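Chains A and B, in that order, are what the protein sequence lines are. Each residue of the first sequence is one higher than the one before, starting from 173 at the first, in the numbering used here. Each residue of the second sequence is one higher than the one before, starting from 160 at the first, in the numbering used here.
Check each hint, because a few of them may be wrong.
Said to hold, decoys possible - Quick list of simulated restraints, FRET-style, between CB atoms:
| id | chain 1 | residue 1 | chain 2 | residue 2 | range |
| --- | --- | --- | --- | --- | --- |
| 1 | B | ASP196 | A | GLY417 | 55 to 63 Å |
| 2 | B | ARG184 | A | ASP236 | 16 to 24 Å |
| 3 | A | ALA327 | B | ALA273 | 18 to 26 Å |
| 4 | A | ALA422 | B | ARG184 | 20 to 28 Å |
| 5 | B | ARG230 | A | GLU408 | 19 to 27 Å |
| 6 | B | GLN223 | A | GLU290 | 17 to 25 Å |
As the list claims (entries may be wrong) - Chain A is nowhere near these chain B residues, computed Cβ spacing over 10 Å in every case:
| id | residue |
| --- | --- |
| 7 | ARG221 |
| 8 | GLU250 |
| 9 | ARG326 |
| 10 | ASP327 |
| 11 | SER349 |
Source of the hints: derived by calculation from the structure; they are not laboratory data. Treat the numbers as computed from the prediction; the structure is a model and nothing was measured. Idealized CB from N, CA, C, for every residue including glycine.
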Amino acid sequence: MLAKRVIACLDVANGRVVKGVNFLGLRDAGDPVEAARTYCAQGVDELVLLDVTATNDRRASAYDTVAAVSAVIDVPLTVGGGVRDVADVARLLDAGADKVAINSAAVADPSLLTRAAERFGTQCVVISVDARRTPAGYEIATHSAAVRVPRDPIAWALQAQELGAGEVLLTSIDRDGTQRGFDTDLLAAARAALRVPIVASGGAGDLASFAEAYAAGADAALAASVFHDGMLRIAEVKSYCAARGVRVRA
Amino acid sequence: MGSPTLGILDLGAANRANIARALERCGARTTFVTTPDAIERCDALVVPGVANVAYIAAELDRLQLREPLVRAAERGVPLLGICAGFQLFFERSDEAPNARGLALFDGVVRALSAPRLPHMGWNLVEERERAPQWAYFAHGFAAPASSRCTVATTELDGECFASIARRDGILGAQFHPERSGAYGAAFLASFVALAKETACLQSA
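Input sequences plus hints: build the corresponding full structure.
Here you go:
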């Protein structure tokens with residue numbers, strides 16, 4: 173049986189790990205290669221590397237950082253940030269990605285997901301959905317939450333799935349960096365609508381928050397600051413969840 | 160005999176850099192292969208994954224690598240297929256109904272039937288008389304466990320599929336050994352050892 177995954181996320185800007193709150197106020201959180209090595213040794217199931225300034229600065233992803241991180245790990249690496257076309261996907265795979273996450277460019281041109289899946293398979297194509305609560309429900313955002321898009325995140329994720337995305341990286345902008353727990357309402361709604369795996373992102377806090385994300389239907393739970401700041405260790409998260417009946421990789 | 164040279168087929172869709180690095184950690188030299196001549200010069204060949212089978216099957220024909228690859232396998236050159244590369248070793252795949260597989264293994268690759276797909280993440284590889292091992296999977300299609308060459312299986316929501324197949328020097332893994340921790344590294348090391356052994360025998 174498939175295990176639930178614990179994922180560590182490296183938000184990278186200018187070759188350094190950074191972390192903010194609600195996508196704002198980025199602070200330095202260390203060297204990405206060192207962090208990758210540490211998380212790998214702690215038993216992380218997968219790493220996500222997001223070049224958080226790539227789309228806004230209109231430059232390509234930090235290929236050197238991707239290569240350096242990829243070279244020291246033996247678990248899969250998903251890379252996102254600044255992916256605009258199929259050639260970008262190929263370049264990221266050549267640098268060391270195993271999967272590629274797409275957000276802004278797919279919102280602008282959803283057919284990108286189909287074109288990427290036709291070449292690399294759906295299992296390589298991750299749709300990254302940044303969702304924010306509004307008085308009326310939810311909406312999505314692109315460009316590292318800077319651009320609001322009046323669209324329902326679940327409807328968009330479902331469309332992305334039908335177009336060729338093989339996984340959804342579902343981030344709550346409201347919870348990002350707050351350590352208040354994942355948005356389990358959002359996760360449950362996504363689970364009810366989607367066939368593809370869902371990665372919960374935004375709000376990882378205490379140990380219980382991981383178990384809650386899985387219970388809400390997430391196939392993987394992603395965290396950044398709680399790992400960067402040493403508040404939680406990956407093995408600790410896994411043993412906590414395993415003791416509560418969640419199947420994890422030993 | 161020094162390090163064997165492993166040729167990684169470059170069919171335009173793969174995490175080839177990660178496969179090269181993982182094989183090099185096992186002591187192999189690696190080279191990316193795009194021509195029939197280059198195939199002849201390798202001690203062993205790897206067909207990587209992270210691809211749509213339709214795409215790499217078309218690239219295989221466009222680059223005229225199909226016959227050289229099958230001939231190399233017939234000569235006893237060790238061959239490793241990973242994920243979509245492995246699926247290409249079967250007769251056909253549901254992912255690409257109009258594409259022809261290499262038919263190195265009997266059987267047809269089918270869409271998995273689990274409610275949640277693709278099968279993405281860590282699952283157990285179960286080989287007879289061995290403790291189950293965690294490996295990383297990312298695929299929506301798989302070869303049936305009943306294939307004659309199956310040597311290990313994996314279960315997803317009650318459905319079993321072939322996670323490793325082997326016929327002589329032809330080996331395939333549905334998981335990603337280059338991303339499967341110590342178990343994956345050991346799997347690749349055994350393939351590199353096979354490549355080295357075979358190269359020694361053929362040069363003797």
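Results for each hint:
1. ASP196/B / GLY417/A: 55 to 63 Å: Once the Cβ atoms are compared, 56 Å apart, the range 55 to 63 Å for GLY417/A and ASP196/B holds.
2. ARG184/B / ASP236/A: 16 to 24 Å: With Cβ atoms ~20 Å apart, the hint holds.
3. ALA327/A / ALA273/B: 18 to 26 Å: holds, 24 Å
4. ALA422/A / ARG184/B: 20 to 28 Å: The hinted range 20 to 28 Å holds for ALA422/A and ARG184/B, with Cβ atoms some 23 Å apart.
5. ARG230/B / GLU408/A: 19 to 27 Å: violated, 53 Å
6. GLN223/B / GLU290/A: 17 to 25 Å: holds, 22 Å
7. ARG221: It holds; ARG221/B is separated from chain A by about 13 Å at its closest Cβ, greater than 10 Å.
8. GLU250: GLU250/B clear of chain A: closest Cβ-Cβ about 19 Å, beyond 10 Å.
9. ARG326: holds, 25 Å
10. ASP327: holds, 28 Å
11. SER349: Since the minimum Cβ distance to chain A is about 16 Å, SER349/B lies beyond 10 Å and the statement holds.
Taken one by one, the earlier hints fail for this structure only at number 5.
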